[in-house]
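**Q** Please build the complex by placing chain Z on the supplied structure of chain U, with the hints as guidance.
Here the protein sequences line up with chains U and Z, keeping their order.
0 is the number of the first residue of the first sequence in numbering that gives the first Met the number 0; add one for each residue after it.
0 is the number of the first residue of the second sequence in numbering that gives the first Met the number 0; add one for each residue after it.
Hint data in this document are derived by calculation from the structure and do not stem from the laboratory.
A quick note: this is a predicted structure, and the numbers were derived from the prediction, not measured.
A couple of the hints might just be wrong.
Stated by the list, open to error - Within a straight-line C-alpha distance of at most 16 Å, the following computed EDC-like cross-link-like pairs (lysine to aspartate or glutamate) qualify:
{"no.": "1", "chain 1": "Z", "residue 1": "42", "chain 2": "U", "residue 2": "18"}
{"no.": "2", "chain 1": "Z", "residue 1": "42", "chain 2": "U", "residue 2": "19"}
{"no.": "3", "chain 1": "U", "residue 1": "35", "chain 2": "U", "residue 2": "21"}
{"no.": "4", "chain 1": "Z", "residue 1": "38", "chain 2": "U", "residue 2": "19"}
{"no.": "5", "chain 1": "Z", "residue 1": "50", "chain 2": "U", "residue 2": "34"}
{"no.": "6", "chain 1": "Z", "residue 1": "200", "chain 2": "Z", "residue 2": "71"}
{"no.": "7", "chain 1": "Z", "residue 1": "16", "chain 2": "Z", "residue 2": "188"}
{"no.": "8", "chain 1": "Z", "residue 1": "50", "chain 2": "U", "residue 2": "26"}
{"no.": "9", "chain 1": "Z", "residue 1": "50", "chain 2": "U", "residue 2": "45"}
{"no.": "10", "chain 1": "Z", "residue 1": "197", "chain 2": "Z", "residue 2": "45"}
Unchecked claim - Just a sample of chain U residues kept apart from chain Z, beta carbon distances all over 12 Å, derived:
{"no.": "11", "residue": "2"}
{"no.": "12", "residue": "6"}
{"no.": "13", "residue": "23"}
{"no.": "14", "residue": "27"}
{"no.": "15", "residue": "59"}
{"no.": "16", "residue": "63"}
{"no.": "17", "residue": "81"}
Glycine residues also receive a C-beta, built at the ideal position from the N, C-alpha and C atoms.
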Amino acid sequence: MENLIEELKAEIIEVLNLEEMDITNIDPDEPLFGDKFGLSSIDALELIVLLERKYNIKIESAEEGKKIFHTVRTMADYIMQHSNK
Amino acid sequence: MKNPLSITTYCKIAGNKITVNGNVVFQGQKNIAFPDFIKQVYKTFDFSYAKFFKMDNLCRLGFAATEIALIETGILSHYNEGDIAVVIQNGSSSIDTDTEFRQTIIDRDNYFPSPGLFVYTLPNILIGEISIKNHLTGESTLFVTEKPDFPFLHTYTKALVQTGKTKACIMGWVDFDRHTPDRNDVQYEAFIYIVETKENKLNFEHTKDNIITFYQS
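Next up, chain U with everything else stripped away, as it sits in the complex (with noise of 0.2 Å):
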């Protein structure tokens, strides 16, 4: 799960141009859509795109993505309950 985490922080940052960031400027628990990191609605597009491409799971509903993209903690758990089905 803490690799999965560290990894997850890694491709955000990359697939987010969080130039400025580092993994170890993201807390795993801190919400992800805050005032922290100024994502907007295109960035959730790319974190739904980025789940279909690299762990192949697809996301069908918003209501869902807001849930999963609440942190990172929370997208890992997605992926561990997710990536085998």
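**A** For chain Z alone, coordinates are given in the frame of chain U:
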């Protein structure tokens, strides 16, 4: 009759060099790639705007030239947000990002269109980025033309002012194309000039000849 319009600053970014009013204010390393060059520019001029790194190359280029020109003039405090126009010309449209986006959809077995790239597959997003950052709500237009057409921009500026639509204009030419082989020598170029109805520190007369001279300098 006195020309009511002045060019109060101009900024050019080309060949890893930035000039303001003809003076070199930043010189990048000779063979540095554009992404690294523009990152250095971001740090040097302390833009402090995280969204900069989400922008595509065209927007980063035009945004940087505009921000540097704005530092020099201070027009944001001299005019209302709705009285400042942004009018830019561009030659290669968004071909740089169009090409990059195509790579995300070209393989049907690896088909993951990038939303973050897709939003930059229109060149007028550049004007949106400049306007959002500076809260500008005035007239805005982006023209795609083969080459810079400064006589046209000159006439357009005069019309905007004479019809009462604007009191200051952010004008210029911003072009980015790294994919067309015969254009390798001119990969990117931004020339932004500010036109004002009020007097400012520098007051070059707003004429076609001056615009062309400043662009070529």
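**Q** The structure should be examined with respect to each hint, and the outcome stated for every one.
**A** Hint-by-hint comparison with the structure:
Note on residue 42 of chain Z and residue 18 of chain U: the hinted pairing holds, with a Cα-Cα distance of about 12 Å set against a maximum of 16 Å. About 11 Å separates the Cα atoms of residue 42 of chain Z and residue 19 of chain U, which keeps this hinted pair within 16 Å; it holds. Of the pairs offered as hints, the one joining residue 35 of chain U and residue 21 of chain U holds, with about 13 Å between alpha carbons and a cut-off of 16 Å not exceeded. Taking the CA atoms of residue 38 of chain Z and residue 19 of chain U, the gap is near 11 Å; set against the 16 Å cutoff, the hint holds.
With a CA separation close to 13 Å, the supplied pair residue 50 of chain Z and residue 34 of chain U stays within the 16 Å bound. At most 16 Å may separate the alpha-carbon atoms for a hinted pair to count; residue 200 of chain Z and residue 71 of chain Z meet this at roughly 9 Å. For a cut-off of 16 Å, the pair hint linking residue 16 of chain Z to residue 188 of chain Z stands: about 10 Å separates their Cα positions. Only pairs whose Cα atoms come within 16 Å are accepted, and residue 50 of chain Z paired with residue 26 of chain U is rejected, the gap being roughly 21 Å.
Between residue 50 of chain Z and residue 45 of chain U, the direct Cα distance comes to roughly 15 Å. Compliance with the 16 Å bound is thereby established for this hinted pair. Taken as a hint, the residue 197 of chain Z and residue 45 of chain Z pair is broken in the structure, with Cα atoms around 28 Å apart against an allowance of 16 Å. Distance check on residue 2 of chain U: its Cβ is at least 24 Å (rounded) from any Cβ of chain Z, clearing the 12 Å threshold; non-interface status holds. Separation of residue 6 of chain U from chain Z is adequate, the least Cβ-Cβ distance of about 18 Å exceeding the 12 Å criterion.
The claim that residue 23 of chain U is not at the interface with chain Z holds, since no C-beta of that chain comes within 12 Å of its own (minimum 17 Å). Non-interface status of residue 27 of chain U relative to chain Z is upheld: no Cβ of that chain comes within 12 Å, the nearest being about 20 Å off. Residue-level check passed: residue 59 of chain U sits 17 Å from the nearest beta carbon of chain Z, beyond 12 Å. The beta carbon of residue 63 of chain U is kept farther than 12 Å from every beta carbon of chain Z, the shortest such distance being approximately 17 Å.
For residue 81 of chain U, the condition that its CB be more than 12 Å from all CB atoms of chain Z holds, with the nearest at approximately 18 Å.
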